[in-house]
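Participant: Starting from the given sequences, assemble the full structure and let the hints guide the process.
Protein chains in written order, with our numbering: chain A, 1 to 260; chain B, 1 to 342; chain C, 1 to 267.
It should be emphasised that the hints constitute simulated quantities derived from the structure, not laboratory data.
The C-beta atom is built at its ideal place from N, Cα and C for all residues, glycine as well.
One or more hints might be untrue.
Computed spacing ranges between beta-carbons, pair by pair [stated by the list, open to error]:
#1 Trp-168/A - Lys-221/B: 38 to 44 Å
#2 Glu-232/C - Glu-45/A: 22 to 28 Å
#3 Ile-242/C - Trp-168/A: 51 to 57 Å
#4 Leu-234/C - Phe-12/A: 55 to 61 Å
#5 Leu-211/C - Gln-195/A: 34 to 40 Å
#6 Pro-98/A - Ile-324/B: 52 to 58 Å
#7 Gln-195/A - Ser-25/B: 51 to 57 Å
#8 Ile-131/B - Arg-46/A: 57 to 63 Å
#9 Phe-121/C - His-254/A: 35 to 41 Å
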Amino acid sequence: MGLYFKYLLILFKSQMEYRTSFWLLTIGQFLIPFSMFAGLYFLFERFGQIKGWTFYEVALCFAIIHMAFALSECFARGFDSFSSLVASGSFDRVLVRPRSTIVQVMGSKFEFTRIGRLLQSLIVLIWALNNLSIEWSSMKVVTIILMIISGVFIFTGIFILAATMCFWTIQGLEVVNIFTDGGREMAQYPLNIYQKWVTKFFTFVIPFGCVNYLPLMYILDKTEGKAYLYMLSPVLGIIFIIPCLLVWKIGVRHYRSTGS
Amino acid sequence: MMIVFFFQSKNVRRRKKLITVDGLSKSFKVAKRSSGLRQAVKGLFYREHSIVEALNDISFSIEPGEIVGYIGPNGAGKSTTIKIMSGILVPDRGTCNIMGYTPWKERASFVKHIGVVFGQRSQLWWDVPVIDSFELLRDIYKIPQNEYQDNLDLLIETLDLQSLIHSPVRQLSLGQRMRCEIAASLLHSPKILFLDEPTIGLDAVSKIAVREFIKRINKEKGVTVILTTHDMNDIEALADRVILIGKGRLLFDGNLNELRKDFGTHKTITVDYREDHNPFEILGTTMISWSPERAILSLDTEQVKISDVISSLSSKVDLLDVTIEAQPIEEIIVGLYKEFQI
Amino acid sequence: MKPYVSVLKLRLLNGMQYRSAALAGVATQFFWGFMYIMIFEAFYSETVHSQPLSLKEIITYLWLQQSFLAFIMLWFRDNELFDLITTGNIAYELCRPCEIYGFWYSKLLAQRLSSAILRCFPILLVAYLLPQPYKMTLPPSVLTFVLFLFALIFGLLLLVSISMFIYISVFLTMSPIGSLLLFGVIGEFFSGLTIPIPLMPAWLQTVAYFLPFRWTADFPFRVYSGNIPQNEALIGIVIQIIWLVLLVWLGRIAFNKALRKVVVQGG
Chain A
1 MGLYFKYLLI
11 LFKSQMEYRT
21 SFWLLTIGQF
31 LIPFSMFAGL
41 YFLFERFGQI
51 KGWTFYEVAL
61 CFAIIHMAFA
71 LSECFARGFD
81 SFSSLVASGS
91 FDRVLVRPRS
101 TIVQVMGSKF
111 EFTRIGRLLQ
121 SLIVLIWALN
131 NLSIEWSSMK
141 VVTIILMIIS
151 GVFIFTGIFI
161 LAATMCFWTI
171 QGLEVVNIFT
181 DGGREMAQYP
191 LNIYQKWVTK
201 FFTFVIPFGC
211 VNYLPLMYIL
221 DKTEGKAYLY
231 MLSPVLGIIF
241 IIPCLLVWKI
251 GVRHYRSTGS
Chain B
1 MMIVFFFQSK
11 NVRRRKKLIT
21 VDGLSKSFKV
31 AKRSSGLRQA
41 VKGLFYREHS
51 IVEALNDISF
61 SIEPGEIVGY
71 IGPNGAGKST
81 TIKIMSGILV
91 PDRGTCNIMG
101 YTPWKERASF
111 VKHIGVVFGQ
121 RSQLWWDVPV
131 IDSFELLRDI
141 YKIPQNEYQD
151 NLDLLIETLD
161 LQSLIHSPVR
171 QLSLGQRMRC
181 EIAASLLHSP
191 KILFLDEPTI
201 GLDAVSKIAV
211 REFIKRINKE
221 KGVTVILTTH
231 DMNDIEALAD
241 RVILIGKGRL
251 LFDGNLNELR
261 KDFGTHKTIT
271 VDYREDHNPF
281 EILGTTMISW
291 SPERAILSLD
301 TEQVKISDVI
311 SSLSSKVDLL
321 DVTIEAQPIE
331 EIIVGLYKEF
341 QI
Chain C
1 MKPYVSVLKL
11 RLLNGMQYRS
21 AALAGVATQF
31 FWGFMYIMIF
41 EAFYSETVHS
51 QPLSLKEIIT
61 YLWLQQSFLA
71 FIMLWFRDNE
81 LFDLITTGNI
91 AYELCRPCEI
101 YGFWYSKLLA
111 QRLSSAILRC
121 FPILLVAYLL
131 PQPYKMTLPP
141 SVLTFVLFLF
151 ALIFGLLLLV
161 SISMFIYISV
171 FLTMSPIGSL
181 LLFGVIGEFF
191 SGLTIPIPLM
201 PAWLQTVAYF
211 LPFRWTADFP
221 FRVYSGNIPQ
231 NEALIGIVIQ
241 IIWLVLLVWL
251 GRIAFNKALR
261 KVVVQGG
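Facilitator: So this is what it looks like as structure tokens:
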């Protein structure tokens, strides 16, 4: 893992060569979720609540999912832009180096400018927690951290799946945005506001529900039944990445038997 | 006992082959692209494929310390062979044994021992000083610090990199970049170096520098070099041995001189003579150009002797100067391609 | 005029080739459309007061947004033009016998047209055929529809003139994505894409009405559904034209100024 940090260092140096770009992009990355949050704020100003959830509850949901997304965009950027790696033939270079393909692809890009988004969602998180009356316990703190980590794993898993598609086709990747950007937008709100089949899909197929709805209920003390089950649900999100990694390995095998 | 001794010494005398390639075959499915709206709609539902045989039963072996030129026209299968030998691609059939490894099976442990330079693609990080890339490579390949330092010092000295290593790669010229690329591929003391079009796009001075360097590390460090190139001057300067591949098949494997002898039978004769306005013809030769003072003829030494041509010439014109040139290697190769229909 | 028209045609035909990308894009847009509809449904389901936009009008608003996304979103990447600026190769463009502003304007216009034409018909068609409540409604009268078309076209022309300013800013920042992001975020918010303008609090609405962005999306879509009555629509179209003339005029001045600077520096 020391190698991964060395990759980060060299990428950081690279990006620092373009300072204006870096700052503009970081500010932009702050403003994007900020404007979305502003939209959310004004909608609540007008409507007061959404299917029983108050503004600060939804803000908490918003903050967690955006933090998870920002972090995963930072780490998994190499997978997100994998199509250019394959198209330029640079993946061959990855195969000629004595390290795992996953570490190398992750080390190929790190999007530092997403710090802007991270900062914005952190501010929202603190603001929301301040305004919610939650009975705190160490378990609840653990749950929040687990939720964020789980979200990172889910988004990273989706990025890996999207990158694996590049082994078969360069086209049609725009559809994956439905799950990354779309998933993020959906999970900003507690999932039960949507129609039932949507909630089911985003709980069982791509487990956003484990990051969003179930543990949220636990934190806000809205649970019935065994509380610890709700608390541990983020773990299911973390497990999501395992099938994604397996699919990646299949993709690499395909690339190596068919060329590009 | 004497018999045992006899067998032993024979084996000891025969050097162990570094690379053995046997019966390597690889085909690709290429999607057929057709134009027109109808075909495009059809294409949405199912794709027609044609099968391209990139490699067909390729076999050769290479001993340690050789420099081998791997040539052939575009699409012949050169890069496919290199990709298989460096562990990137998995072949359909055949075996490959490099230093006891099967490249595609033990990829991570095998690639430690090889260096690869892809002529048109860089392995260095673009915006940071070259030395930073070198240091990251040291960590990727887990090179012990003293070995890294020794190699680095040697490479900087022999490739004249001192003024370059603190500049970001994007600020370097192509020749400077290529020197850094080659250095980067040798930091981990590989035993084999694969060079894919290393001199493409370089100016004359850089080309010579690169060639000199390759000869030197081959001699001094015993690095086995496998070189694919379209520049025949590279081959002439470096390769003792030439392997020609065309349409996936191995067509020639041998010495460069053998190649010349077998296929380079044409010679060009340039004659300067006292002004003579009568054009002439010599049996067995082709007139390439003629003027009242100079004529250039091409002849096939398998069909007519040079001495006969010169005697015929001296009987037709008043000779002032005669120059005989061997066929340039480029022409030999083109002729070869024609003969093998590739 | 002639070179501008031929650039337009060329780029349009070029853009129409990207059919498979368009198909994927259409799928994405349906997703977004449905998602936003569900969110608004949830908001509207328990509201007591009447809102400046009814749920039906919002649904129509959302489908129009998705169909004509190319006409309204500022975030539209044309790497070719960005590269010309950042590499300094724009000096070559100066050798052409027509004014660069008009040239680029036609190019950008064509790109958006081709992208929209490929996508709007499938989306609109399906949106009309959807069951309630997701269905998109027809405009209340033919006259409204005609007014809508005019508003839409002028909105598009206005949007392209705004987007020219993005390119002008890149001369300053040398960061295409940076400029694009900032303009994109602000522009999209104030054209009602993040939250429909009538649903904003009063003070914010005043700000939005002051800026040119709303005339590209918010105005034409509300004309369509009749939310903006016909006489107001006519006045609105006149205001669109005034903004258009103003921004093109300012744009050309700023653009030529920036160009001169590049030439002086040597690119």
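Participant: Of the hints stated earlier, which fail here?
Facilitator: No numbers; nothing is violated.
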